[in-house]
Amino acid sequence: MNWTAIAAIYRFEMARFFRTLAQSFLSPVLSTSLYFVVFGTAIGSRIQEVEGVSYGAFIVPGLIMLSVVMLCISNASFGIYFPKFLGTIYELLSAPVNFIEIVIGYVGAAATKALFVGVVILITATFFVDLRIEHPLAMVAFLVLTCLSFSLLGFIIGIWASNFEQMSLVPQLVVTPLIFLGGTFYSISMLPPVWQTITLFNPVVYLISGFRWSFYGLADVPIVFSLLAILAFTGICLGIIWWIFKTGWRIRS
Amino acid sequence: MTPILSIRDLRKSYAGGFEALKGVSLDIEQGEILALLGPNGAGKTTLISTICGITTPTSGSVTVGGHDIQTDFRAARQMIGLVPQEIALEPFEKVWNTVRFSRGLFGYGTDNARIEEILRKLSLWDKRKSAIKELSGGMKRRVLIAKALAHEPRVLFLDEPTAGVDVELRKDMWEIVAELKQAGVTIILTTHYIEEAEAIADRVGVIDKGELLLVQDKATLMAQMGKKQIEVMLTAPIEAIPDCLAAHNLTLNGNGDSLVYTYDTNADRTGITTLLNDVAEAGLVLRDVQTRQSSLEEIFVNLVSGDPA
Numbered sequence: 156m157n158w159t160a161i162a163a164i165y166r167f168e169m170a171r172f173f174r175t176l177a178q179s180f181l182s183p184v185l186s187t188s189l190y191f192v193v194f195g196t197a198i199g200s201r202i203q204e205v206e207g208v209s210y211g212a213f214i215v216p217g218l219i220m221l222s223v224v225m226l227c228i229s230n231a232s233f234g235i236y237f238p239k240f241l242g243t244i245y246e247l248l249s250a251p252v253n254f255i256e257i258v259i260g261y262v263g264a265a266a267t268k269a270l271f272v273g274v275v276i277l278i279t280a281t282f283f284v285d286l287r288i289e290h291p292l293a294m295v296a297f298l299v300l301t302c303l304s305f306s307l308l309g310f311i312i313g314i315w316a317s318n319f320e321q322m323s324l325v326p327q328l329v330v331t332p333l334i335f336l337g338g339t340f341y342s343i344s345m346l347p348p349v350w351q352t353i354t355l356f357n358p359v360v361y362l363i364s365g366f367r368w369s370f371y372g373l374a375d376v377p378i379v380f381s382l383l384a385i386l387a388f389t390g391i392c393l394g395i396i397w398w399i400f401k402t403g404w405r406i407r408s
Numbered sequence: 177m178t179p180i181l182s183i184r185d186l187r188k189s190y191a192g193g194f195e196a197l198k199g200v201s202l203d204i205e206q207g208e209i210l211a212l213l214g215p216n217g218a219g220k221t222t223l224i225s226t227i228c229g230i231t232t233p234t235s236g237s238v239t240v241g242g243h244d245i246q247t248d249f250r251a252a253r254q255m256i257g258l259v260p261q262e263i264a265l266e267p268f269e270k271v272w273n274t275v276r277f278s279r280g281l282f283g284y285g286t287d288n289a290r291i292e293e294i295l296r297k298l299s300l301w302d303k304r305k306s307a308i309k310e311l312s313g314g315m316k317r318r319v320l321i322a323k324a325l326a327h328e329p330r331v332l333f334l335d336e337p338t339a340g341v342d343v344e345l346r347k348d349m350w351e352i353v354a355e356l357k358q359a360g361v362t363i364i365l366t367t368h369y370i371e372e373a374e375a376i377a378d379r380v381g382v383i384d385k386g387e388l389l390l391v392q393d394k395a396t397l398m399a400q401m402g403k404k405q406i407e408v409m410l411t412a413p414i415e416a417i418p419d420c421l422a423a424h425n426l427t428l429n430g431n432g433d434s435l436v437y438t439y440d441t442n443a444d445r446t447g448i449t450t451l452l453n454d455v456a457e458a459g460l461v462l463r464d465v466q467t468r469q470s471s472l473e474e475i476f477v478n479l480v481s482g483d484p485a
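Those sequence lines, one after another, are chains V and Y.
Read in order, the letters of the first sequence are residues 156 to 408 in our numbering.
Read in order, the letters of the second sequence are residues 177 to 485 in our numbering.
Keep in mind the hints are simulated off the structure, nothing from the lab.
C-beta: ideal position from N, C-alpha, C; glycine also.
One or more hints might be untrue.
[Unchecked claim] Okay, derived cross-link-like pairs now, BS3-like style, lysine-lysine, Cα gap no bigger than 30 Å in a straight line:
#1 Y:394 <-> V:239
#2 Y:316 <-> Y:347
#3 Y:198 <-> Y:394
#4 Y:347 <-> Y:305
#5 V:239 <-> Y:309
#6 Y:270 <-> Y:357
#7 Y:303 <-> Y:316
#8 Y:270 <-> Y:347
#9 Y:357 <-> Y:347
#10 Y:385 <-> V:401
#11 V:401 <-> V:239
#12 V:401 <-> Y:198
#13 Y:270 <-> V:239
#14 Y:316 <-> V:239
#15 Y:347 <-> Y:394
#16 Y:198 <-> Y:404
#17 Y:270 <-> Y:309
#18 Y:403 <-> V:239
#19 Y:297 <-> Y:385
#20 Y:357 <-> Y:316
#21 V:239 <-> Y:385
#22 Y:403 <-> Y:385
#23 Y:198 <-> V:239
#24 Y:394 <-> Y:404
#25 Y:297 <-> Y:316
#26 Y:270 <-> Y:305
#27 Y:198 <-> Y:270
[Said to hold, decoys possible] One side only, chain V facing chain Y, incomplete, derived with CB under 10 Å:
#28 166
#29 167
#30 182
#31 247
#32 253
#33 372
#34 403
#35 408
Put together the whole structure using the sequences plus the hints.
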């Protein structure tokens, strides 16, 4: 393993993050506050509690997931798309590094940035609601796994995209609807039975359910299913990336 | 001596059926400077990209320092530095950081002294804290070279290094190349500028339509294929070449005041003495005599157009 190369890629990517540190932190703080004002206050005045948890507190895990997932995808996709767009990818392809090292560098940096923001949102949330974390280790594990798996997805999108429009296509058309319909702002049990069944095909449900369980011990689906779902998703992404580098799809002519 | 770079029957075909490289074979010795000449689309960049790992070859093999570029890619790439044709740099990154990044990619830790040495050599030291977007085009090209040299490569590829740069920078670039050669670095450069190949290369390769037409020692090439011309300028213009000079295959220039004689520098007898005697016998008075050697450019144009030189 060329650990120095991994560190170089990671540091280079993190430098981009630190160049825009203020907006990296201000933007999630602002949007989280808005969600609390709009959803927490407006809807929270009608739904006061969900399974014994105040509505404001109930939506915190979903809100963190919403931001973290979107950030992972945008960070990782831009991270690898930018070298493609600028032409600087030549350096990566001609360096003594293999695909595992490239992925660790880029995905690691994207996941770290999203993790930072996730923590910022968590801290911001404590100003609005009373939070409790029943299973802190599981919470950290879910957060880290989510960051990694969705950064892998972002990396794939960045390699697949051949223009900036395509970069936002998957996040906007696929990921956003899945997150909003994945129980971010409600419990699955609040839906009619037919929709409860349909919702089970949404992978994000497992993610948010597992993450919410780590906070309040409440889960829409068994925790093991959540864990398996996220592991399977990570495995699929890794498989696709392995194939991309094996065939050189969209990166090596 | 084992060549530092050995290319065997290298082929590259694209999905559409276009064959960019049609079985290129070439050996390059350590420390030499090889200039690859060829028109646009000849396959120069494809050849370099394939050796460097940016393009996957369809068949054939390449070894760098004895290491196969596919089965032993780490060791092979470790020895290679690449300066691409296009200026491709992260605009917001600082010069120092981008050079450090390149060094890191090749497995070397930050060595401040080494990075400083490279930046000073390329007159980039004063700009080390500048963001790349603030630099001029020439400076950006220097940054590309600095990045390529950051890991101390033994083989350096310069893909059109002086395309679009001013005369001063071109001269600087030639000096850098000469210094690297002194340090034992093997250099392969592609160029459109024939004078560049003429000025700095040891050997010249001519590539066209994916085929290597020839690779030869520059001096030998020029001697073998070079023609020399002697121009005999007359004090008074003449209307036609006198009959007694017909055997010399002379051409009379437009004004009728000079005769041009083309001869082979390698011939046993160049025929110059006879020509000058015959000119004197014809009663023509000489004003001046000039000789001119055909340049690499003429040789190149002749080769690529398929005409015998």
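Checked hints:
1. Straight-line distance between C-alpha atoms of residue 394 of chain Y and residue 239 of chain V comes to about 38 Å, which puts the hinted pair past the 30 Å bound.
2. Between residue 316 of chain Y and residue 347 of chain Y, the direct Cα distance comes to roughly 16 Å. Compliance with the 30 Å bound is thereby established for this hinted pair.
3. Restraint check for residue 198 of chain Y and residue 394 of chain Y: the C-alpha separation of about 24 Å stays at or below 30 Å, so the hint holds.
4. Annotation: proposed proximity of residue 347 of chain Y to residue 305 of chain Y holds, straight-line Cα distance about 26 Å (limit 30 Å).
5. Using a Cα cut-off of 30 Å, the hinted pair residue 239 of chain V and residue 309 of chain Y holds, with the two alpha carbons roughly 18 Å apart.
6. Taking the CA atoms of residue 270 of chain Y and residue 357 of chain Y, the gap is near 29 Å; set against the 30 Å cutoff, the hint holds.
7. In summary, the hint linking residue 303 of chain Y to residue 316 of chain Y is supported, as the alpha carbons are separated by about 11 Å, within the 30 Å threshold.
8. Taking the CA atoms of residue 270 of chain Y and residue 347 of chain Y, the gap is near 26 Å; set against the 30 Å cutoff, the hint holds.
9. A hinted pair counts as satisfied when its Cα atoms are at most 30 Å apart, and residue 357 of chain Y with residue 347 of chain Y qualifies at roughly 15 Å.
10. Using a Cα cut-off of 30 Å, the hinted pair residue 385 of chain Y and residue 401 of chain V holds, with the two alpha carbons roughly 29 Å apart.
11. Using a Cα cut-off of 30 Å, the hinted pair residue 401 of chain V and residue 239 of chain V holds, with the two alpha carbons roughly 18 Å apart.
12. Among the hinted pairs, residue 401 of chain V with residue 198 of chain Y is consistent with the structure: their alpha-carbon atoms are about 24 Å apart, no more than 30 Å.
13. A distance of roughly 19 Å separates the Cα atoms of residue 270 of chain Y and residue 239 of chain V; the hinted pair therefore holds under the 30 Å criterion.
14. As the CA atoms of residue 316 of chain Y and residue 239 of chain V are separated by approximately 18 Å, the hinted pair is consistent with the 30 Å bound.
15. Using a Cα cut-off of 30 Å, the hinted pair residue 347 of chain Y and residue 394 of chain Y holds, with the two alpha carbons roughly 20 Å apart.
16. Only pairs whose Cα atoms come within 30 Å are accepted, and residue 198 of chain Y paired with residue 404 of chain Y is rejected, the gap being roughly 34 Å.
17. For the proposed pair residue 270 of chain Y and residue 309 of chain Y, the alpha carbon gap of about 9 Å is at most 30 Å, so the pair holds.
18. Restraint check: the Cα-Cα separation between residue 403 of chain Y and residue 239 of chain V comes to about 47 Å, which exceeds 30 Å; the hinted pair is violated.
19. Between residue 297 of chain Y and residue 385 of chain Y the CA atoms are separated by roughly 37 Å; this puts the pair beyond 30 Å, and the hint is violated.
20. Using a Cα cut-off of 30 Å, the hinted pair residue 357 of chain Y and residue 316 of chain Y holds, with the two alpha carbons roughly 23 Å apart.
21. In summary, the hint linking residue 239 of chain V to residue 385 of chain Y is supported, as the alpha carbons are separated by about 27 Å, within the 30 Å threshold.
22. The suggested pairing of residue 403 of chain Y with residue 385 of chain Y holds, with an alpha-carbon distance near 26 Å, which does not exceed 30 Å.
23. In summary, the hint linking residue 198 of chain Y to residue 239 of chain V is supported, as the alpha carbons are separated by about 28 Å, within the 30 Å threshold.
24. Between residue 394 of chain Y and residue 404 of chain Y the CA atoms are separated by roughly 16 Å; this keeps the pair inside 30 Å, and the hint holds.
25. The straight-line distance between the Cα atoms of residue 297 of chain Y and residue 316 of chain Y is roughly 14 Å, inside the 30 Å bound, and the hint therefore holds.
26. This hinted pair checks out: residue 270 of chain Y and residue 305 of chain Y have alpha carbons roughly 6 Å apart, not beyond 30 Å.
27. The suggested pairing of residue 198 of chain Y with residue 270 of chain Y is violated, with an alpha-carbon distance near 41 Å, which exceeds 30 Å.
28. Proximity of residue 166 of chain V to chain Y holds as hinted, the smallest CB-CB distance being about 7 Å (cut-off 10 Å).
29. Interface hint status for residue 167 of chain V: upheld, as the beta-carbon distance to the closest one in chain Y is roughly 5 Å, under 10 Å.
30. Hint on residue 182 of chain V is violated. Least Cβ distance to chain Y is approximately 18 Å, over the 10 Å limit.
31. Hint on residue 247 of chain V holds. Least Cβ distance to chain Y is approximately 7 Å, under the 10 Å limit.
32. At about 8 Å, the closest approach between the beta carbon of residue 253 of chain V and any beta carbon in chain Y falls short of 10 Å, and the interface hint on this residue holds.
33. With 10 Å as the threshold, the beta carbon of residue 372 of chain V stays out of range of chain Y, its nearest partner Cβ sitting at about 45 Å, so the hint is violated.
34. A least Cβ separation of about 6 Å between residue 403 of chain V and chain Y falls short of the 10 Å threshold, and the interface hint therefore holds.
35. Given the 10 Å rule on beta carbons, the hint for residue 408 of chain V holds: about 5 Å separates it from the nearest Cβ of chain Y.
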